[in-house]
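Peer 1: Go ahead and model the full structure; you've got the sequences and the hints to work with.
236 is the number that UniProt numbering gives to position 236 of the sequence shown; each next residue is one higher, with no gaps.
Take the hints with a grain of salt, since some may be wrong.
[What the hints assert, rightly or not] Cut-off 20 Å, straight-line C-alpha distance, at most; resulting in silico cross-link-like pairs (SDA-like, lysine to any residue):
| hint | residue 1 | residue 2 |
| --- | --- | --- |
| 1 | Lys117 | Ile135 |
| 2 | Lys111 | Gln89 |
| 3 | Lys111 | Arg96 |
| 4 | Lys174 | Arg190 |
| 5 | Lys117 | Ala77 |
| 6 | Lys247 | Glu237 |
| 7 | Lys117 | Ile53 |
| 8 | Lys111 | Arg136 |
| 9 | Lys247 | Ala228 |
| 10 | Lys174 | Val271 |
| 11 | Lys117 | Thr128 |
| 12 | Lys247 | Gly234 |
| 13 | Lys111 | Glu129 |
| 14 | Lys174 | Gln186 |
| 15 | Lys111 | Gln121 |
| 16 | Lys117 | Thr78 |
| 17 | Lys174 | Arg132 |
| 18 | Lys174 | Glu152 |
| 19 | Lys117 | Arg75 |
| 20 | Lys117 | Gln93 |
| 21 | Lys174 | Arg136 |
| 22 | Lys174 | Leu151 |
| 23 | Lys174 | Ile135 |
| 24 | Lys174 | Asp74 |
| 25 | Lys117 | Glu129 |
| 26 | Lys174 | Ala184 |
| 27 | Lys174 | Leu66 |
| 28 | Lys117 | Ser46 |
| 29 | Lys111 | Arg82 |
| 30 | Lys247 | Gln267 |
| 31 | Lys247 | Val271 |
| 32 | Lys174 | Thr128 |
| 33 | Lys174 | His163 |
In short, the hints are calculated from the structure, not lab data.
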Amino acid sequence: MFFEDNLSDSDSSADGLNAENRNSTTSHTTTAEVAIAAFAAGGSASDVIGGLIQACECERFCPDILPYPSELIDRAATQIARSHSRADQLAEQERREAADSESGSSLLPFKASNILKLEVQRCQFFLTELLRCRIRKIESLSCLIAYERVLEEEGDGTAAVEHPQRHHLSDNEKVVADRLAEMAQQCVLRSGMQSAPVQLRSLVPNPPYGEGMEILPQPDVNVYIFGAALEDLGVVELDDGASQEIKAGEVFLMPYRTLRPFVVGGQVRLV
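Peer 2: Written out as structure tokens, the structure reads:
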């Protein structure tokens, strides 16, 4: 590990130093070991970051909105808060050790608290990128998402929508989508559509006088994307009755509509 390798090098180079510097190295070694345990407490930090990276890549490359990963986001937020608090405690401990005349200056090329803070920032970056990517898609599909709410309130369901997205969103994301759709409608009216016939002022389907479902933005699920199989997928049915066996570790190019069930199930990673 990074801490252990650096601590080992520091111990080797300190053989010829006086006893005071040896005590300083031992003191800061303990602090670094505590930092490792702190970041790993409550679950594997590498698993959280790995999950965030995979979620970011899949969300970035797929044309629609994937189901909201509530468990992963909750784990990441908890990990960030806990590790940030522990980093502050380590920084305070390091300041006390530096002020201790018996300890002297550290022989380590880094501070444990700074390394821990870098890991926190790394986790926060991928969490923020995941949420921003989802918001960008919500903005482009806001009218579709808001129209799904109208259909649900009218009791018609979302059968008329070819690729429904609303059920993939968190409650807060649904609020954002509804407000964005409302703002888009107001912007269109103020830009000149207020003079058009009432039946033609809507940004959602309004047959028979206005446009139909074609007015709504739709994710292009027919686009071809690259995917990497994380496990054996067996025989996958393709277009025109063709099929292909996909094994773990293989990278392939297929229409997104074919890969989507495997992406949602965590069996395929988009690249």
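Peer 1: All the hints need checking, so say for each whether the structure fits it.
Peer 2: How the hints compare with the structure:
1. Lys117 <-> Ile135: violated (27 Å)
2. Lys111 <-> Gln89: Answer holds: Lys111 to Gln89 is near 13 Å, not above 20 Å.
3. Lys111 <-> Arg96: holds (13 Å)
4. Lys174 <-> Arg190: violated (25 Å)
5. Lys117 <-> Ala77: holds (14 Å)
6. Lys247 <-> Glu237: holds (14 Å)
7. Lys117 <-> Ile53: holds (18 Å)
8. Lys111 <-> Arg136: violated (38 Å)
9. Lys247 <-> Ala228: Distance of about 9 Å is within 20 Å: holds.
10. Lys174 <-> Val271: Distance of about 28 Å is beyond 20 Å: violated.
11. Lys117 <-> Thr128: holds (16 Å)
12. Lys247 <-> Gly234: holds (7 Å)
13. Lys111 <-> Glu129: Since the Cα atoms of Lys111 and Glu129 sit roughly 28 Å apart, the hinted pair is violated (cutoff 20 Å).
14. Lys174 <-> Gln186: Distance of about 19 Å is within 20 Å: holds.
15. Lys111 <-> Gln121: With Cα atoms ~16 Å apart, Lys111 and Gln121 stay inside 20 Å; holds.
16. Lys117 <-> Thr78: Within the cut-off at roughly 15 Å; holds.
17. Lys174 <-> Arg132: holds (15 Å)
18. Lys174 <-> Glu152: Satisfied, since the Cα-Cα distance of roughly 13 Å is no more than 20 Å.
19. Lys117 <-> Arg75: With Cα atoms ~17 Å apart, Lys117 and Arg75 stay inside 20 Å; holds.
20. Lys117 <-> Gln93: This hinted pair holds, its Cα atoms lying about 15 Å apart.
21. Lys174 <-> Arg136: holds (13 Å)
22. Lys174 <-> Leu151: Since the Cα atoms of Lys174 and Leu151 sit roughly 14 Å apart, the hinted pair holds (cutoff 20 Å).
23. Lys174 <-> Ile135: The hint holds at about 10 Å.
24. Lys174 <-> Asp74: holds (18 Å)
25. Lys117 <-> Glu129: With Cα atoms ~18 Å apart, Lys117 and Glu129 stay inside 20 Å; holds.
26. Lys174 <-> Ala184: holds (15 Å)
27. Lys174 <-> Leu66: holds (14 Å)
28. Lys117 <-> Ser46: Holds: Lys117 and Ser46 sit about 15 Å apart, inside 20 Å.
29. Lys111 <-> Arg82: Cα-Cα ~18 Å, so holds.
30. Lys247 <-> Gln267: Judged against 20 Å, a Cα distance of about 11 Å means the pair holds.
31. Lys247 <-> Val271: Given pair Lys247, Val271 holds - Cα atoms ~16 Å apart, limit 20 Å.
32. Lys174 <-> Thr128: holds (18 Å)
33. Lys174 <-> His163: The given pair, whose Cα atoms are some 16 Å apart, holds under the 20 Å limit.
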